[in-house]
Amino acid sequence: MRSIGRTLGRATLRDIALTCLAVFVIGLSYGAIAVASKFPLWVPAAQSVLVLAGASEFLFIGIVAAGGNPIAAAAAGLLVNTRHLPYGLALPEVTGRGWRRLLGTHVMNDESVVFALAQPDLPRKRAAYWACGLGVLICWPGGATAGALIGSAVHNTSAFGLDAMFPAVILGLIVPDLRNRGTLRAALAGAAIALITTPFLPAGLPVLAALVAVLLLTREQT
Amino acid sequence: MKDTTLVVAGMATLAAGTYVIRLSGQALRARITFPPRASKLLEAAAVILLAALVATTALTQGHGFAGLARPAGVLVAGVLAWRRAPFLVVVIAAAAVTALLRLAGVH
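Line by line, the protein sequences give chains E and X. Heads up, the first sequence is in numbering that gives the first Met the number 0, so the first residue is 0 and it goes up one at a time. Heads up, the second sequence is in numbering that gives the first Met the number 0, so the first residue is 0 and it goes up one at a time.
Chain E on its own, in the form it takes in the complex (with noise of 0.2 Å):
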């Protein structure tokens, strides 16, 4: 730790600090949702650990506690979660070989990715990719357990505003794509089909028919 502490300077470790933080903040409300949801603890606790990428778990659990299939949910959760393919082209090699590859590989999630592509060399590159990515492979379980534990105690969670943070998450980490106009349009077209479709198809659907914007994006490029 020490070493990677000397590598990346105060102001990273900060911020890498401050990022976990609010993942473990968000993983409060991810098991407090969820047992609201009337998932038994293990749920949330299992997803944290096995799946580490917040929207898709979210998005698992909204469509099954409306009503969805849950394999339906694992594929809008597969969907969700394909932007780590082009996370995975676009890293230098920042996990090692054999277990630490396995390791590495599982932590791969935004916050790791955004911290290891923003420093300038690649042992620091490595540092932050693994500091960031072990602290959310502990902070988000943590925060999803402790939420959960909470959750079951606590059962007017709505009184708390903890359904609005998932929504704010999801925005926070969109955000920056959405500086680009084009982007944003398709964006804004798509939210708009979903909530469109919302009173006429199944739990899940509505997300996935939002993807026809991004036929607004292809027109544009050709």
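Just so you know, these hints were derived from the structure itself, not from any lab. Even glycine gets a Cβ: it sits at the ideal position worked out from N, Cα and C. There's no promise every hint is true.
Across the chosen pairs, the derived CB separations fall in these ranges [said to hold, decoys possible]:
(1) R96/E <-> A84/X: 55 to 63 Å
(2) R30/X <-> T217/E: 23 to 31 Å
(3) H62/X <-> R5/E: 50 to 58 Å
(4) P91/E <-> A103/X: 45 to 53 Å
(5) T217/E <-> V88/X: 34 to 42 Å
(6) P122/E <-> R30/X: 40 to 48 Å
(7) G61/X <-> W98/E: 41 to 49 Å
(8) P175/E <-> L102/X: 28 to 36 Å
(9) Q60/X <-> R99/E: 40 to 48 Å
(10) A89/E <-> L99/X: 36 to 44 Å
(11) L200/E <-> A11/X: 44 to 52 Å
Given chain E's structure and the hints, the job is docking chain X onto it.
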């Protein structure tokens, strides 16, 4: 929870599939170069999906409207995020605004 076996199968699918996605990007990196347009479109598709997720989770509950308190909280969070407020502030503001509105009787 309705059907435990089916839910576990869904969880396993999501976990295993996500791991394979994470692995394949790295494995492909050495072998192929994605056309930049394709990876840009893939990225944009993820953003569209997530934006739709924001809209539906902020505004709807089941097949109907979720009430005013939640979208108001999310709107405040969106404005803060756009003005580059720290992530934690954005998230806590959403919960706080929603909770305060509900306390004031707005649902």
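Cross-check of the supplied hints:
Taking the beta carbon of each, R96/E and A84/X are about 40 Å apart, not inside 55 to 63 Å as hinted. For R30/X and T217/E, the Cβ-Cβ distance of about 26 Å falls inside the hinted range of 23 to 31 Å, so the restraint holds. A hinted range of 50 to 58 Å holds for the C-beta pair H62/X and R5/E, which are about 55 Å apart. For the pair P91/E and A103/X, the beta carbons lie near 51 Å from each other, so the given range of 45 to 53 Å is met.
Between T217/E and V88/X the beta carbon distance is about 36 Å. The supplied range of 34 to 42 Å therefore holds. Distance hint check for P122/E and R30/X: the Cβ-Cβ separation is about 25 Å, which falls outside the suggested range of 40 to 48 Å. Separation of G61/X from W98/E is about 44 Å and conforms to the stated range, judged on CB atoms against 41 to 49 Å. Checked against the hint of 28 to 36 Å, the C-beta distance between P175/E and L102/X comes to roughly 32 Å, which is consistent with it.
For Q60/X and R99/E, the hinted distance range of 40 to 48 Å is satisfied, since their beta carbons lie about 44 Å from each other. The hinted window of 36 to 44 Å between A89/E and L99/X holds, with their beta carbons roughly 40 Å apart. Checked against the hint of 44 to 52 Å, the C-beta distance between L200/E and A11/X comes to roughly 26 Å, which is inconsistent with it.
In summary, the structure is inconsistent with hints 1, 6, 11 from the numbered list given earlier, while agreeing with the others.
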